[in-house]
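Number of protein chains: 2
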Amino acid sequence: MSHTQVTLDHKRHSLSHLLAQAVVDMFPEAKLAIGPTIDNGFYYDFELPRTLIPEDLPILEKKMKHLIRQNQKFEGHVEPCDQAIQFFHKINQPYKAELVADLKAKGETEVSFYKNGPFLDLCRGGHVEATSQIDENSFKLDRIAGAYWRGDETRPMLQRIYGLAFENRAELDQYLELRKEAERRDHRKLGRELDLFSFSENVGPGLPLWHPKGTVLIEELEKLAKEEEFKAGYVRVRTPHLTKGKLYELSGHLEHYKASMFPPMKLDGEEESYYMKPMNCPHHHMIYSATPKSYRDLPLRLAEYGTCYRFEDSGALFGLMRVRSMQMNDAHMYCTEEQFEQEFIGVTEMYLKYFKLFGIEKYVMRLSLHDPKELGKKYIDEPELWKHTEEMVRRAMKKAKVNTVEVPNEAAFYGPKIDIEVFSSIGREFTLATNQVDFAVPKRMNLVYTDENGQEKNPLIIHRAPLGTHERFIGFLIEHFGGAFPTWLAPVQAVIIPVAEAHEQYGKEVQRKLFEAGIRVELYASNESLGKRVRHGETQKVPYMLVLGDKEVEADSVCVRSHKSKDQKTVKFSHFLKSIVEEIQERKLNV
Amino acid sequence: MSHTQVTLDHKRHSLSHLLAQAVVDMFPEAKLAIGPTIDNGFYYDFELPRTLIPEDLPILEKKMKHLIRQNQKFEGHVEPCDQAIQFFHKINQPYKAELVADLKAKGETEVSFYKNGPFLDLCRGGHVEATSQIDENSFKLDRIAGAYWRGDETRPMLQRIYGLAFENRAELDQYLELRKEAERRDHRKLGRELDLFSFSENVGPGLPLWHPKGTVLIEELEKLAKEEEFKAGYVRVRTPHLTKGKLYELSGHLEHYKASMFPPMKLDGEEESYYMKPMNCPHHHMIYSATPKSYRDLPLRLAEYGTCYRFEDSGALFGLMRVRSMQMNDAHMYCTEEQFEQEFIGVTEMYLKYFKLFGIEKYVMRLSLHDPKELGKKYIDEPELWKHTEEMVRRAMKKAKVNTVEVPNEAAFYGPKIDIEVFSSIGREFTLATNQVDFAVPKRMNLVYTDENGQEKNPLIIHRAPLGTHERFIGFLIEHFGGAFPTWLAPVQAVIIPVAEAHEQYGKEVQRKLFEAGIRVELYASNESLGKRVRHGETQKVPYMLVLGDKEVEADSVCVRSHKSKDQKTVKFSHFLKSIVEEIQERKLNV
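Quick note, the sequences are listed as chains A and B, same order. With numbering that gives the first Met the number 0, letter number 338 in the first sequence gets 337, and the count goes up by one each step, no holes. With numbering that gives the first Met the number 0, letter number 458 in the second sequence gets 457, and the count goes up by one each step, no holes.
Hints are supplied without guarantee of correctness; some may be wrong.
When chains are identical, the list treats them as one kind, so a pair holds in a single copy or across two.
[Stated by the list, open to error] In silico SDA-like links for lysine to any residue, alpha-carbon gap of 25 Å or less: (1) 265 with 502; (2) 225 with 512; (3) 225 with 581; (4) 89 with 511.
Think of the hints as simulated: they come from the structure by calculation, not from any bench.
Excised from the complex, chain A in its bound form (with noise of 0.2 Å):
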């Protein structure tokens, strides 16, 4: 094995049996269980006389530092099963006996073992040749956590110690520091601290109750996408969040969805049971189909801010990243087949203008494919329009100039995908949206246009949703500019702080004005310490306080602070009100 071999993996892995070998130094009766790599670094479980507590940390830290400059080598050898079970009984380690036991019962007559300086440990393989090929300052031992011998809830509780592990100092360090700003950054504290939404016990896990500076974000991007729909020649509807189940049996969705869907309410004098709708799609072409289409009408491009609700096990549930009620800015576009490559790239620019307004610089399309091995399973039977509409969405995109990576078998069951995933500013990897084709429900669900020449065809549809769900979007947003929002977005975008009592009254002339003009002003009364008000402001990020004194008063000005450059300066009101107003109808993103 060359050293170009030894990989980020090969040192965690190592690492984590110089754990093992630190705290069967600490403690000689300690069991050990088992101890893989995790995509930041590794862990063990083990079963120990006392609980760990904090403090065990730095010196299991420095034992392990010691070994490594023991510069032990990692060296293997194989036994027959039983010999290996005898053995670990015979130390009285019974997990690793159970482990061998298993690994016999599968059909293994052999495991492998590695030892490395006087440890020896039940091993798969996969470390560094010897210790001194690690940065002893590459790694950290991260926390202490609880966890049940193979996640089974009946067998004993077990200790886990997390260790973070890199190539070397600088990497850790840049980790520690990116996880310090995500925490910082965390969607659900700061959606508690900046009083944007909440969960309660009565209403139901997932089901966000969105307080008002919350709605304000949702509003705001409601609004952006109207007007750029609106533009864009999208006209809008509007329709229930239920249906019979009929619906979803025409659609297929009770056949491929169900289980992701809420379960069915039986209503009185009614034979069919209702559902809650997970999409809103059957729903429009409902509409879509309530009146006769000639190609005149195409393309129609139905839009609707329509809620959806899915049935998501609450454990799997997780702030506004995973929800059950969705709000979506939906819409579906019916074309002919000669319209599709226009109406596509159309979509794709809406996408690449919204990445630019809210200063998305990083972000990758996925183009899912089908798998043809799948077909008539997972996807629709119809080869030759795979390949077809698949080669329709490469060329729009290579015409959309837009790079995109294929991936096959993760196509929609009525045709191909655009994934997009976007990063945040601190480089967080976020699914947002998507945009899809469909050629297989249009003729499933009867929807036809008539064409020149008088002959009924099915239109294609792209199902598209630029800003994904409004919670997951929102969660994202708040992460990506950590609660400090461009002012067109912020839920409060100016407080107004009289230094003084005397300066009140200004304040309030100065709030009124702002409030005419239609923005979200907040006063901060001066029963409070002006250093209080301020960090109030401060700590809940308004774009601007503006801070009102005698000299302010006397010349009709505000003295200005900019959450974003920190800077403060004193202007003319009139200068700062028309300037907070362009800002706010330009969206712009940086001041």
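Chain A is fixed; fit chain B onto it per the hints.
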């Protein structure tokens, strides 16, 4: 009995006797059932040897006029029940015999008969003295319908003849004209003709699908309300369309309101059932109580465009007037007792502002009060609080200088309310909106604020929905405007009609400029005749048609045809653009 006591009801009742007399004259074997008065005339149910045809009605009418001219007197007498039963059996009138038998079973010993000319009928009385008191041109037989005897579908199906009757011919004609106008303005008919909404068999009854043109109406109302509410200091929230049952146990909905709610949903892995929300209040209360509140936070005005779901029997559903999904411009104001009056007046003034905006000239505000006898049953058992709150509302309405009609025993279970009835431009009455006081639920749901002295207190809540449900309000507006909406509300605000192909390019330019100004504009291309296109714009009730020919192209002008005034005049395009933008911005009612 003096002539001054002859009421319209007496006349209608007498006419129903004359109808029966005419029917018996035509079909001597007719068996008579009942013949009451109704709010536009009367009807009578018969068992007849053949099915009536529309042509029978003028014949019967003629016979009735003949009987009127005979100046028959109405004379009453009583007979013992048994004798009456025997009599009706003898003359083969089994329905009448059954009616008397029922009266006897209820304890009556005698029944009254009235005779006019040779015709004798079982009757409680209430007639004209003589048929000369009836204007023979004041009535009209209207239509034939089927009706089960006693409304029971297991009993025989009878034939019902409806008659219209008023004081005189002029009133009858006025009624007929109004009815014709109401039919022309029927919201279901116009909803179809103007492509506003539809219902789908696959989605379910009472669940409207809002087409693009109908959605414009909803979203313009929403925009209006958002603007007005921002000005009035409301903040907005968003809440899910469902909740755990626990919330409705706390709020009392499950106890008081279950029959009007959709049935429960049982989720995998959760013990409690979920319900769709029939009202937004409890969700808003959860937002109120999500963070601690002090007197400084009050009044807090939480507004939401919520969609609520109520279970109405499918037989009770009617167009947009009675639906199962209801979009609501809802809000709850949480305030102290000192703030109550001003808040209540503020709400009332918002109603009046809306009425003016929509040209609603006639309305009635009813103050619905509790009934002391129903305390602890229909109403929360707080006699002093009831008196106190009702007096507060009375005082507020007086201060707002709004006349109210007091109606006992119509309050909500938690407090008194104002119900508002409005009249459309053709005089039809609609119950649209309510404004309710709630002094009970805050205590029940433990909603509190800390007052100036650090004491916990319950706020008062005002529930208000000045536009009622959007479904019903739009149904009302369709009738009120006869589908010819004011420009700001019109789904299509202007259509462009180039006279010939040569004018299309100019047409497109005009279209683009209007579109860029945010106007909803369509272009009717020249491949159809000018007359046909103008007629289409006319039936679609588009506020402005811009006809463009040589003269207009040359002079950069448009020939504007106003739907409202039917005027036609040529003006510079820039002039038209300025005036339509202003008309929309100011939400003008008339031009």
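A quick look at each hint next to the structure:
In this homomeric assembly, residue 265 and residue 502 never come within 25 Å of each other (Cα to Cα): the closest approach is 63 Å inside a single copy and 58 Å across copies. In the homo-oligomer, the alpha carbons of residue 225 and residue 512 lie at most 25 Å apart only across protomers (19 Å), although the nearest pairing inside one protomer, at 27 Å, exceeds that limit. In this assembly of identical chains, the alpha carbons of residue 225 and residue 581 lie at most 25 Å apart whether taken from the same copy (20 Å) or from different copies (21 Å). Proximity of residue 89 to residue 511 under the C-alpha cut-off of 25 Å is found in neither arrangement, the shortest distances being 82 Å within a copy and 86 Å between copies.
Violated hints, listed in ascending order, are 1, 4; each of the other numbered hints is respected by the structure.
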